[in-house]
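**Q** Sequence:
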Amino acid sequence: MAVGFTGRVVIAALVIAALALPKPPVVDEESYLWLGRTVAWADPYAWTRAWQGGDGFLYAHPPLHLWWMKLISPLGLAGRVPALGWVALYAWGAATWMARACKHPGYAALAWLSSSTVLLGLQDSLMIDLPMVALATAGLAAYREALSRDNADHLYVIAGLALGAAIETKYPALLVAGVVAVHAFRIRLSARHAAALFVPMSVVPAVIEGLVYAQHGAFHPLVAWESRDIIARGPLDGRALGTLARLALLPTCLGLALAAPVHLAVGTALGLIALLLVRPDGLGASGALALLVFAALGGTALSRALLACVSPVTRRRKGDRLDSFLIGTLVVVVVFGVVAVHNYASARYLLPAAAPLAILATRSAEEVAHGKRALAVASALAGVIGVATVAADWAYARASAEVATAMLDEHRATAFRGEWTFRHVMEAGGAVRVEDSAPGTLVAVDEHSGGAVPPRWEPLAREESTSRFPLRVVDVQAGAGLYAETLGPLPIALGHGPLAAATLYEVR
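Residue numbers for the sequence shown follow the working numbering, beginning at 29 and rising by one.
Since the hints were made in silico from the structure, they are not lab data. Model, not experiment: these values are computed from the prediction. Cβ coordinates follow ideal geometry from the N, Cα and C atoms, glycine included. There could be a bad hint or two in this list.
Okay, the calculated beta carbon distance ranges per label pair [as the list claims (entries may be wrong)]: (1) Trp69 to Leu47: 27 to 35 Å; (2) Thr433 to Lys131: 50 to 58 Å; (3) Asn179 to Trp95: 30 to 38 Å; (4) Arg490 to Ile259: 23 to 31 Å; (5) Tyr241 to Lys131: 45 to 53 Å; (6) Asp265 to Val396: 30 to 38 Å; (7) Ala219 to Leu305: 43 to 51 Å; (8) Arg36 to Arg65: 34 to 42 Å; (9) Val460 to Val396: 57 to 65 Å; (10) Thr433 to Val338: 51 to 59 Å; (11) Leu488 to Leu112: 39 to 47 Å; (12) Leu103 to Asp265: 41 to 49 Å; (13) Ile301 to Ser218: 40 to 48 Å.
Assemble the whole structure, with the sequences as input and the hints as a guide.
**A** In structure tokens:
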């Protein structure tokens, strides 16, 4: 039996994700595994951990992902296998939406699958971002399909349930739901269809948050918002520049620059303004130029999305239901949500804008001579960068594990400070995370995520990874901070020293 367009996209996404099944845990995957082993079904916030804040109820995310991790945590890292279901759902939603919104959806799918952010999002499948974006994208696809069909009440219900579940997976999905609400108002969605969409979208959060309120006597989203400063927030202008730079790793920013140069001019102006306002230290001339290029490409995408928000009705395509407005507004809201709502700019926070941007770039390419060819070339180049970024992320995880293992086996560290893969290995070896400790304690501190140590701690030894992989996703010296602009303004950078390092201290 022939496999259709959507099926081919789903298969490609599953293959990409499956290649990462042996990958060490990266970013916060180790934290979610820990939470899965710790949380109770009856009360997902009845726990404490050596984190900023510590109290489980101050945790910034809603319960659904915690329950998901509870379900798959007995599998450990093999939990990535059932997480392939989220990969398939995300790919189905993206492909379905592309097929509806583009004349040539294959170009959109190529652009989407070649993006560094999408490749990492599909492979780091224990992260909270994947189920949220899978549910949100599937909900948006179902909503758009419903608009084009008669007697599609069931699709509106499915869209509402998916978007409601996305909200209860990660609160920023509220921004996506808000865009859908504004779009539904603008197209004058009938009362019956609006009820079929928004009642289930509201019921899911109402039931779950109502249960949490009954247990804790407080409204969790409000508590999470009020306690957001427990985790250090980057300055607003730094988040803006960091978001623009990380937006460059989303689909087809280079393709937009080739197919619609006017957006490159606007994007360059936006990037230059942001760079002049922030003026990050320590990058040097080459680093500043690289940052300007990233920010200009991100600004190019933002320019295209802003134009889509205000596209005149006269330019609508056959069967259009204000698609440009829906897609463009979603991208703009996601971008400004990262700047205004999140504590720092991370590439993964922009994942909900990936499929919409691929659609926008394809629609632009369809309108100009040789646009599709330019988009295909740009997607191929982006794919090379994406594969290199995936390799860099994998290399950094392995290097962190190597350093942590040396601290445990060769130096007998019993405590540590650090995050991500380093933390996973240290905790698995019996070490505990500390802010301070009793005299005589041997503490291993990761160079990139351990933070400043008290002055009375005496350095005894240093371990460096053997890997010198040149492309860096995290490197304080090179200014790379794919995970957060507070680690470095560049999303990726070239580095020369060890990929990971840690110092052993003795508490005096």
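**Q** Now tell me, hint by hint, if it's right for this structure.
**A** Structure-based check of all given hints:
1. Trp69 to Leu47: 27 to 35 Å: Given a distance of about 33 Å, which is inside 27 to 35 Å, the answer is holds.
2. Thr433 to Lys131: 50 to 58 Å: 53 Å Cβ-Cβ, so the 50 to 58 Å window holds.
3. Asn179 to Trp95: 30 to 38 Å: holds (34 Å)
4. Arg490 to Ile259: 23 to 31 Å: holds (28 Å)
5. Tyr241 to Lys131: 45 to 53 Å: Check passed, 48 Å falls within 45 to 53 Å.
6. Asp265 to Val396: 30 to 38 Å: holds (34 Å)
7. Ala219 to Leu305: 43 to 51 Å: holds (46 Å)
8. Arg36 to Arg65: 34 to 42 Å: Cβ of Arg36 to Cβ of Arg65: about 37 Å, so the range 34 to 42 Å holds.
9. Val460 to Val396: 57 to 65 Å: holds (59 Å)
10. Thr433 to Val338: 51 to 59 Å: holds (55 Å)
11. Leu488 to Leu112: 39 to 47 Å: holds (44 Å)
12. Leu103 to Asp265: 41 to 49 Å: holds (42 Å)
13. Ile301 to Ser218: 40 to 48 Å: holds (43 Å)
Going through the hint list in order, the structure satisfies each hint without exception.
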